[in-house]
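Going down the list, the protein sequences come from chains A and B. Numbering-wise, the first sequence is residues 1 to 188 according to my numbering. Numbering-wise, the second sequence is residues 1001 to 1619 according to my numbering.
Rather than coming from a laboratory, the hints here were simulated on the basis of the structure. One or more of the hints may lead you astray.
Unchecked claim - Which stretches of chain B does chain A cover? Using the computed rule of at least three CB atoms under 8 Å from a CB of chain A, they are:
#, region
1, 1170-1178
2, 1361-1373
3, 1405-1419
What the hints assert, rightly or not - Here are the simulated DSS-like cross-link-like pairs (lysine-lysine), alpha carbons at most 25 Å apart as the crow flies:
#, chain 1, residue 1, chain 2, residue 2
4, B, LYS1598, A, LYS2
5, A, LYS57, B, LYS1176
6, B, LYS1002, A, LYS21
7, A, LYS124, B, LYS1002
8, A, LYS30, B, LYS1598
All values derive from a computational prediction rather than experimental measurement. Each residue gets a CB set at the ideal place from its N, CA and C atoms; glycine is no exception.
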Amino acid sequence: MKTINYVLTGLGGQGILFMTKIFATAALKKGYSILGAETHGMAQRGGSVVSHLRIGKSQSSLIRAGAADFLLSMDESEAYRYLPYLKKGGKLFANAPSDTFPDDRVTAYLKKQDIETRAMEAAKTAMALGGPRSTNLAMVAFYAAFGVGPLNADDLRTTVVKMSPGPFKETNLKIFDACYETGRKMVV
Amino acid sequence: MKEEFLLGNGVMALGILEAGCQIMTSYPGTPSSEILPEVVRFSKASNLNTSIEWSINEKVAFDNAFAAAISGKRACCCMKMVGLNVAADSFMSAAYIGNIGGLVIISCDDPGPHSSQTEQDSRLMARLGKVPVLDPSSPEEAREMIKFAFDLSEEFQVPVMVRPAIRVCHARQNVKYGTLKSNLTKADFKKEPTRWASTPKFRFLQHKALNKKHLKISEKFNTLTPFNMHTLEKGKSYPFGVVTGGVPSSVVQDIFKEYQRDDIPVLKLGAPYPFPEKLGDIFMDACDKVLVIEETDTVIEYMLRDKKKTLGRLSGHVPMEGELVPEKIEGILNKALSDCGLSVLSDYDCGQEAFSLVNDLALPIRKPTLCPGCPHRASFYSIRKALPKAIFPSDIGCYTLGSNLGVVDTVLDMGAGITMASGFWNAYIQDDVKKPIVATMGDSTFFHSGITGLINAVYNNSRFIFVILDNHITAMTGMQPAITQGDRVDGSKGNAISLETIVKGCGINYLKVCDPFDTKNMIKIVKNASRYVNDPDGGIAVIISRHPCVIGFKDEAIPEKIPVKITDDCNDCGFCRTRFECPALVHDEENERTVINKTLCAECGVCIQICPQGAIQKA
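Could you put the whole structure together from the sequences, leaning on the hints where they help?
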């Protein structure tokens, strides 16, 4: 299999490392090689946090700018900040209002690069369903709805259930299903 | 066999225990911090009796490991690269004296830098200390190198350094567990004063013997596949080749594979020092030009003899600073190939168009900040409120971020919060100016490097206020237990060390303890301390500002949640956002006022005390 590159981003405290682990655990279960790069230390304190995840064989943990297949962002600004990492034909999933995202100033670039964007207010949905800290898995579910990449919705949903700590299992599942549904409605 | 998606530091911990390491010491520092806790985790899971400690600083960690190694045991000491500076005194002597049991030093570099004060290259320290060094390109290679390092260290009775860069430490990889063990070697220190306590005359002889060892190790490194290897075809010559090592070598490999450029030979030097001269010569002889891609300094580049053939930092092809991320490396390769009149890999613009487009969006600058509910924020607020005109020397830790509140003026290295305070005092008092100075430092840093500076300041009659920010934990590097609590890394109890006793023992006669969450009280305490400092019979005043870390001790830090609201009295003066700088206090531009971000708010309630309009109230 060709290496599939994921760039996952958001703000410190949003649970990027947990999001990375969801993808990695699901990929590991399917027997893929995985290699990732994380942010720790000073850079983690409230700043912009990014995680690179490469599914399939590779040597380097970092994804080159212009080489990511998928960009998932838990924050609208961070979605723009890491846009250069997406390759031609890459796909962007953002926690942002679908009616205003993306910004007019990047649409020409997106068109030229043949980059498809999908947005939903995943944080709002997570919050409404009682999981203000579950934007991470909400975005995983939203992404899963589009059926792109080596991991399907079932793989990811099973992993989320398995990885959610006991008291959060039910809420997390509700959030996952709601965001998955929102995504499904966008697939025509 | 068990398989796990492990952090690079965890993969290295596997290597350490697969090598049967018996003694493990460290002081935390990004990107090295997780190595030792992972050794604890694996050692416990396999019921090993590995002796593991967080030492008080890197020098102490090094000396502990060294003593174990000369007693015949396998010992490992790990740290971040600036930590090696702290251990440098010991490190420089260690190779001369040598060891019996394998002694491996893991010094983690931070090209970027992401979480450090410098971009120093530990391979240069290795050279200075005449310590052989291995430079892993991935977590798995680091694991193999650590095992090899123990063997090499025992074979030649010399310490060996492994220097993983941050992309090895904080990579994650799926790995399978091997057999973990702790060797059964008994401590058996054999007295030999001419070796272990050698005088300069014997040091000269030891130096000579060390140089001989180096020749042999260099010879070994010439054929050390796969750590050192080239992809030349026998008898073939090439117009261009790449010499690389460590993390950049993995990027180069990926890029050449992607563009199918097996016409460009690569010399990978994962064991660059003592330099494998023959291997270097073979590669240089086969290529008309070679490009050196290494992080972060010119180590290999300097050691290659024919500079006329060499492209790299000295020729301006490789930047002198910053991390060599993949897009940069592709750009470097394209430029070098084009300068040599050869076909480039791609017309790739290194993401420049996209990066400049993003730059034009003027996205919010995300600077690191103290966490909501952090007790340091309350301390800094009160210090500035009490003595707004003071100089504020500070130190390394989460509280470096007090710079956001205007209460951190200097950060040099661990311990300089105090030593620079006395330095500022001396500089001003020479001009008869009694400059107010408030130094800040965390509890862990105080134990690491602060105590000697405080004794020096007392002895030499300096005058300043020194605030110890005691949050019961080493927070920035990932919540390591604090000496004041007596908790050891394996969960066992050591002896708690009292800050008060140490401070008094340094000769301090004025010591106050306060809880920073009561800002009114702390402001008063700082002002009183200032009076003592200025009193002819006064001296250095020490304040212990004590409150547990809000991340490490969630329940204890905020025992009673105080939800807050902002009333219509808010006149958008911005005082709370700039002077208290809590991420949960957000500007609502539309309504021209401050609002609370409820997701971020820790409900510590401290901000109620600081609003000049009294507009922040208990909800």
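Are there hints from earlier that the structure breaks, and if so, what are their numbers?
3, 4, 7 and 8
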